[in-house]
Amino acid sequence: MSKRSHITTTINNESVDFLCEPRQSLLEVLRDVLYLTGTKEGCNDGNCGACSVIMDGVLVDSCCVLGVEAEGSKIETVEGLSSKGELHPLQKAFLEQTGMQCGICTPGFLIAAKALIDKNPRPSEQEIRHWLAGNLCRCTGYDKLVRSVMTAAESMAEV
Amino acid sequence: MHDFEYCAPDSLKEAIGLMATHKSSARLLAGGTDLIVLMRARRKRPELVIDAKHIPELTELKINQEGLSIGASVSCRTIYENDQIAESYPALVDSTSLVGGIQVQGRASIGGNLCNAAPSADSIPTLMVLGAIANVVSDRGERQIPVEEFCVAPGQTVLEDDEILVNVTVPAPAANSGARFLRFIPRNEMDIAVANSAAYVELDETGKNFRSARIAIGAVAPTPLFVEDAGAALTGKPISEESILNAAVIARDAARPINDMRGTVEHRLQLVETLTKRVLNDAVKRAIGEKV
Amino acid sequence: MNKPEQTKSEFRVLGTRPIRPDGLDKITGRACFSDDFHLPNMIHGKILRSPHAHAKIKSIDTSAAAALPGVHAVVTGDDFPKVENKLISQGAAGMINIGEVADNCIARDKVLYDGHALAGVAADNPHIAEEAVNLIKVEYELLPPVMDVRTAMADGAPVIHDDFYPGAFILPTEKFLPNATRMQLGSGDLEKGFAEADIILEREYTSETIHQGYIESHITTVNWDDNNYITVWTATQGAFGLRDHLADVLLVPMANVKVVPLEVGGGFGGKERMYMEPIAAMLSHKTQRPVKIALRRDEVLRATGPSSGTYVKLKFGVKKDGTLVAADLHLAYEAGAYAGGPIFLGAIASTSRYNIANIQINGFDVIVNKPTMRPYRAPGAAQALFAVEQMIDELASECGMDVVDFRMKNLTKTGDLLVPGFPCAPIDTVKMMETVKAHPHYTAPLNGENQGRGMAYTMWFNLGDISSAQISVNPDGSVQLITGSPDLSGSRMTFAMQAAEALGIDVENVSASVGDTDAVGFSLPTVGSRTSYATGAVICDLVQDVLEKMCARVALLWEIDAELVSVEKGVFSNKEDSKLTMSFQEACEKLHETGGPITVHMTGSPQSFIPGTCVHLVDVDVDPETGKVDILRYTVFQDVGKAIHPDYVEGQMQGAAVQGIGMALNEGYYYDAEGHLKNASLLDYRMPTALDIPMIETVILESPNPLHPFGVRGCGEHSIIPPAAAIANAIHNAVDVRLNSMPMAPHKVCAAIKQKQAAES
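Protein chains in written order, with my numbering: chain P, 1 to 159; chain D, 1 to 292; chain L, 1 to 761.
FYI, nobody ran anything at the bench for these hints, they're computed from the structure. One or more of the hints may lead you astray.
Below, a list of computed lysine-lysine pairs in the BS3-like style, where the Cα atoms sit at most 30 Å apart [claimed, not checked]:
hint: 1; chain 1: P; residue 1: Lys3; chain 2: D; residue 2: Lys62
hint: 2; chain 1: D; residue 1: Lys285; chain 2: P; residue 2: Lys3
hint: 3; chain 1: P; residue 1: Lys74; chain 2: D; residue 2: Lys62
hint: 4; chain 1: L; residue 1: Lys110; chain 2: L; residue 2: Lys58
hint: 5; chain 1: D; residue 1: Lys44; chain 2: L; residue 2: Lys431
hint: 6; chain 1: D; residue 1: Lys285; chain 2: L; residue 2: Lys628
hint: 7; chain 1: L; residue 1: Lys431; chain 2: L; residue 2: Lys413
hint: 8; chain 1: L; residue 1: Lys110; chain 2: D; residue 2: Lys291
hint: 9; chain 1: L; residue 1: Lys137; chain 2: D; residue 2: Lys44
hint: 10; chain 1: D; residue 1: Lys13; chain 2: P; residue 2: Lys119
hint: 11; chain 1: D; residue 1: Lys13; chain 2: P; residue 2: Lys74
hint: 12; chain 1: D; residue 1: Lys62; chain 2: P; residue 2: Lys119
hint: 13; chain 1: P; residue 1: Lys3; chain 2: D; residue 2: Lys23
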């Protein structure tokens, strides 16, 4: 078995070290090594977005990143969205507007939507739909989910 | 996934040395959106994975009057978010903004797309019509390979076991030129092309006639196809429905599609014709300064 | 979004939109789904699956796998007890053959589909387990695969089961058919009916195998402890069914198995069946450690869930005035590897919404070399509707009638005898049609020559049957509600709301949870649009028990007879002295003075086959050169009886509609000639993305269901049924071609347009 590597990262603004084998994806490391199980596995081949995280400011599928590639990276996961007990406006909107049903895709959508709003604070419905096309949701039919993102963007722009 | 070693060289020299030693048992890792998935599916089993994202030559994006140079591990997103590329090479934006979803675009690279050599690759027909050159290096020396000669079979390229794709260079667009890439997928995102087509056109000063044209098509043969005859048929021809249809029909006749889970022979042939018409019309619009 | 019509302000809780109790954990990442569950000392299992569609297993050599460092145990079919074929009842959901359940979980002699499990490995981590699985050597003797219902039913077809054992509901065929059994429904005189008809049309339709497509895979953790007690932690729609089947397959007492339902990341019918639990249990037994098995996405598609591909042949007769007089339906549905597909439900759904005096439905449950078909949201109904509602559209056009008027003419109403032989329970179907016709979408102009509009109408029946619930009333006024119904999309809240409404207290005071199989009484799974209705009705009955007990306690405090205490909207009063009242809260605070907190349990079985209706209207744009169909506008009308939480009801309507759109346009299994599934990924099994769908407008109708105290009807499944038919009708309206094959993928649309052009020129 190849040696485990010692990797140093920053996850949700905290410095985090971990050991991993080269074959372990960032998704596996987050879930099975660090027990940050908010990031979900849906397909494990980059086609559903459930494992979305923000890595050095870039939205990625953590199933398509090796844990060892995260050396020196800054990673944002769903666990870091709320701060000091205060929900992120996206979380608030998803909760209040029923932007979810079963909830398995929700962390991925929240992270993807955050990456969008970070880049484009007032996205149109079409821009939201385009940006979120890499995230599959099988429950909502996307209607309330897209509305939740629109509502969150509006509320953030008002502040 | 099988067990393997990982290293992340920070110089091209080191990477060349590693490839010279490990040859076919090593694979370069750029964005990982193909390689990691293929390893997980047990279709690639390298003993050594060499991360190509810390090698300066492979991560560089340069644009100047002579043209564009894209390091092999530069991400699609870096390419399509570059304003100069959007201005001068919009067809590259067409291609790179279609690879996977936003998440995949943040990692996937043009180098990876080229080396993965999928018949349906979104960037290869565009690189072909733009006259792109793949610059390759090994400890035996360097070589330049026109992109239209790069792929030889599904998943196979002309690269030798020890060679590294460093970058792809694209000449500066000529005056009165325009290019366009389109693909057809059943959904609106997140699919592999059923068929695709790219066109590059140069018009004369009047803007009414083709001076030259290049056409390439994908997902309709074992490799992306550069259809020289289809472009050549437009040389000196007026821009008309008839000349464009003629070129599209030549492109269609060059296609050798198969029936598979993504499409049928008949549909693919029709798509090649339709998409080639559409990319030619759009390329003409871009050549005369219209937005597409 | 249209808000539901305000009937009366008779409810304090129902019809409001409170935030669900499990919501916070789901947006912060803390909710525990099946893969989020870890146990100390846990190891990981992986499964070897057949690469062949149909083969005899000649030998299995596990020695290399067992020898791999890090591997703890390997199991094959020989490690399991032999389970005899026996039909066991699943309540209103039918019967199941437990021998076949066992064989489906791990093959012994024959593999029956690409993906059929035949060995399991447990190792330190999933990577080692997977490497080991690939070291197992299996010798197969290949048999010819049977991949299509018509091939399977043809004379001389290879017989898949030598010891064919017909499933429930299904009557034996009159004539011997290889691999198929038949059911029949009907009334009237078909010959006479067609003789009366002015117009007779005959059509054929097909559809591909489809998958539920839940985003969470199947993941289970099993611990078989030293006391012979087995605990399962998993995401399931039915914990009790899983418990019972696991006990039956392992030949252990049901009381020795406990299933702990975790958060479910989507089910849609695909998570009510057992898959990996026997293998995980046996690996746990062998290693004396807890074992987790998580399926890869390709395994989910190859070996779980799917729903039937179909072949449908119709002959319908109508009078010029639009009266349907005769219908002859031949429905052949894939059962998959074992008998018991959704043919019966498909047959009921096909025509129950119309009165047709002379009708015959022949339904066939057809075994093919594909995974065992499982329910998928209104099982079998969308496939039937795809055929029948296109036929209705054509007949309306032949009669020169508006499509709503034509349906109105033939509409089933309350009390009419339905095809399966029972009368239609009360529902206002006329109001549905009137609402559709009056809606602006129905008459909005279309722009563009390749745009079209289509509609489809369905009547679907929700199940009732067994549910259990338990309520504990605490001395601080809070109320715990435990049910045996796993929550797929917010039902804990809809249960809490019904309990609060019935108790007359605020919903914030009710905490609802899903119990494990040791904590609450037997409950059938969360399927068949039954949960809010059936478990809800049991909760309402249970509340009456609770209130009776509370009245007795209040009587003790007031020192009067219990019969003299009444309760309304959470206030107890003395029937003989209206000034003497006590709030629910006050009564709770005094519980310890009157005998302690109250806990009451109830198991009930509300009636099944409650009708619910919906109509879908859709506008499409067709690109005739590529065959691409874009959805421009979409409106869903649905009669839900009473919307408990309107957001969730709208969510069900929208989500189901979009699953139906996926099925209509792009979803379908693609097998090669040898029976290998070629598109076992979310890349090539193309479910709709956010970019493929517009906003889905919802119109909620509320004609009360008299069999539920608040008038609730099931509403989860119905809206998956009409989309394919509505879209097919819209495509016809747009480009004048009929698509008789689902999915209506671009290549088929293109081919149909070409064919029409060729015929015209």
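Hints and how they fare:
no.	hint	verdict
1	P:Lys3 <-> D:Lys62	37 Å, violated
2	D:Lys285 <-> P:Lys3	56 Å, violated
3	P:Lys74 <-> D:Lys62	26 Å, holds
4	L:Lys110 <-> L:Lys58	9 Å, holds
5	D:Lys44 <-> L:Lys431	61 Å, violated
6	D:Lys285 <-> L:Lys628	24 Å, holds
7	L:Lys431 <-> L:Lys413	11 Å, holds
8	L:Lys110 <-> D:Lys291	61 Å, violated
9	L:Lys137 <-> D:Lys44	21 Å, holds
10	D:Lys13 <-> P:Lys119	37 Å, violated
11	D:Lys13 <-> P:Lys74	28 Å, holds
12	D:Lys62 <-> P:Lys119	24 Å, holds
13	P:Lys3 <-> D:Lys23	22 Å, holds
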